[in-house]
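> Chains A and B, in that order, are what the protein sequence lines are. In this text, residue positions in the first sequence follow our numbering: the first is 1, and each later residue adds one. In this text, residue positions in the second sequence follow our numbering: the first is 1, and each later residue adds one.
Bear in mind the hints are in silico, worked out from the structure with no lab data behind them. This structure is a prediction, so every number in the text was calculated from the model and none was measured. It cannot be assumed that every hint is accurate.
As the list claims (entries may be wrong) - Using 20 angstroms as the maximum straight-line C-alpha spacing, the simulated EDC-like pairs for lysine to aspartate or glutamate come out as follows:
id	chain 1	residue 1	chain 2	residue 2
1	A	LYS342	B	GLU89
2	A	LYS209	A	ASP180
3	A	LYS289	B	ASP21
4	A	LYS347	B	GLU46
5	A	LYS342	B	ASP68
6	A	LYS342	B	GLU55
7	A	LYS289	B	ASP116
8	B	LYS52	A	ASP341
Unchecked claim - Calculated from the model, a selection of chain A residues having no Cβ within reach of chain B, i.e. all distances over 10 angstroms:
id	residue
9	ALA169
10	GLU177
11	GLU306
Built from N, CA and C at the ideal position, the CB exists for glycine as well.
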Amino acid sequence: MIQRTPLYDSHLAAHGRIVNFADWEMPINYGSQIEEHHAVRQDAGMFDVSHMLSLDLSGGESQAFLRHLLANDVAKLTVPGKALYSCLLQEDGGVIDDLIVYFFTPTHYRIVVNAGTAEKDLGWMQLQAADYAVSLKPRRDLAMIAVQGPQARERFWTAFPASRAASAALVPFQAAEWNDWLIARTGYTGEDGFEIAVPATAAASVWEKLVAAGIRPCGLGARDTLRLEAGMNLYGQDMDETQNPLESGLTWTVDFKDASRDFIGKRALAELRERSALRVFLGLVLLDKGVLRAHQKVVTAQGAGEITSGSFSPTLNQSIALARLPGGVAPGDLVEVAVRDKLLRAKVVKPSFVRHGKSLI
Amino acid sequence: MNIPADLKYTQSHEWVKQEADGTVTIGITDHAQEALGDIVFLELPEPGLMVKVGEECAVVESVKAASDIYAPLAGEVVARNEEAIGAPESVNQNAYAAWLFRMKPANPADLSLLLDAAAYEKVAAE
């Protein structure tokens, strides 16, 4: 069933070009994707991310449940509002989804999952929750807006001055409740900013006030090039159930430190780590003219690899990609990418191309 | 929709203009550039290339996707727009000014087989 967010009419009014994304009618752009991209890198832009699903987890065993459910360890979260990025894994280590979990108290967390996987995630979580004293509540009554860019927070406070006291002290990856809103200093662009969750009924008026404060509406197109420049994975493209986090650039999110913690997928990943031939997940910068795209073959001295995400980088003005490559390939290597009938030259880099408006390559 | 009446069109959203010297100039329509979004790369055929009708002979890449361009007629490529290669965004700015390549048709009468503006308008509306 095709769904619409509470901001659908706002997108139409702003001449958003609507596409079907994971069965949601979402704006891909409002004119120029590249201009929207630059607005986020240079000033402030915002995205409707209401298609993503918030889940409230509560109950006496919430922490124990999440320590079993997630590959990252929520025991690290001790400051109220602090957030953690984690994969949700199958027993075999395949990635069911990636998500952000916010800690309020050891008996109350919020989890935000991707739109396309929301139903699958909820079913999996409910199955795993059977042995724990917890309850999971989907929050489709919320809308979410990501306000991103070097001026994002200032412009947000211009629109909502009363929220400044509650949100000014937030460090990156921390959230605070303000009235019935959640204001989180998180994002998916490599820039500073907030992601806010507000009641769906208030969404359109919040959006309007943010526009009036000079924040530019941006579509999913710009969201994709921004996250790619930031070297952030996209679920379903860079990893899925057939791939594990260790070969998807997500080793840093799998926490083996507490030997007594048994999380789903741990055994499979521990076995995988013992193998020598793990593939590496790195960035590519195209040296020749053209555009790298997902599924193109990469030819390296160590064998063949594959691009998982590729596009044109508006900030760098050249094409970049994320790729899964044979073990032994390292940043600095020169490789070739099969683009139609040609082999184009590309350089291997660490998979983070742009942060805070600056090139890292 | 911007569909000039003096041009011919294809089902695959190319426009074709008959020049006084017997050659034809080819580009993509305004509707096509809008659907593609920001164009960032053009791969255009070398002059001298012989193409069959419907043959893939150029690629227009936007941030979003790569799109093949098909030869609207059989014939020989005689020129390509080097300025547009250097400034792919010019196709977004004016799709009818930023032409892609020019051909000498093998059979100039084939031009009459292409769509007129009214017929293309129906294609673009689909």
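> Each of the hints needs a verdict: does it hold here or not?
Each hint tested on the structure:
| no. | hint | verdict |
| --- | --- | --- |
| 1 | A:LYS342 - B:GLU89 | 24 angstroms, violated |
| 2 | A:LYS209 - A:ASP180 | 17 angstroms, holds |
| 3 | A:LYS289 - B:ASP21 | 33 angstroms, violated |
| 4 | A:LYS347 - B:GLU46 | 28 angstroms, violated |
| 5 | A:LYS342 - B:ASP68 | 15 angstroms, holds |
| 6 | A:LYS342 - B:GLU55 | 18 angstroms, holds |
| 7 | A:LYS289 - B:ASP116 | 35 angstroms, violated |
| 8 | B:LYS52 - A:ASP341 | 18 angstroms, holds |
| 9 | ALA169 | 37 angstroms, holds |
| 10 | GLU177 | 37 angstroms, holds |
| 11 | GLU306 | 17 angstroms, holds |
Checked against the numbered hints given earlier, the structure breaks hints 1, 3, 4, 7 and satisfies all the rest.
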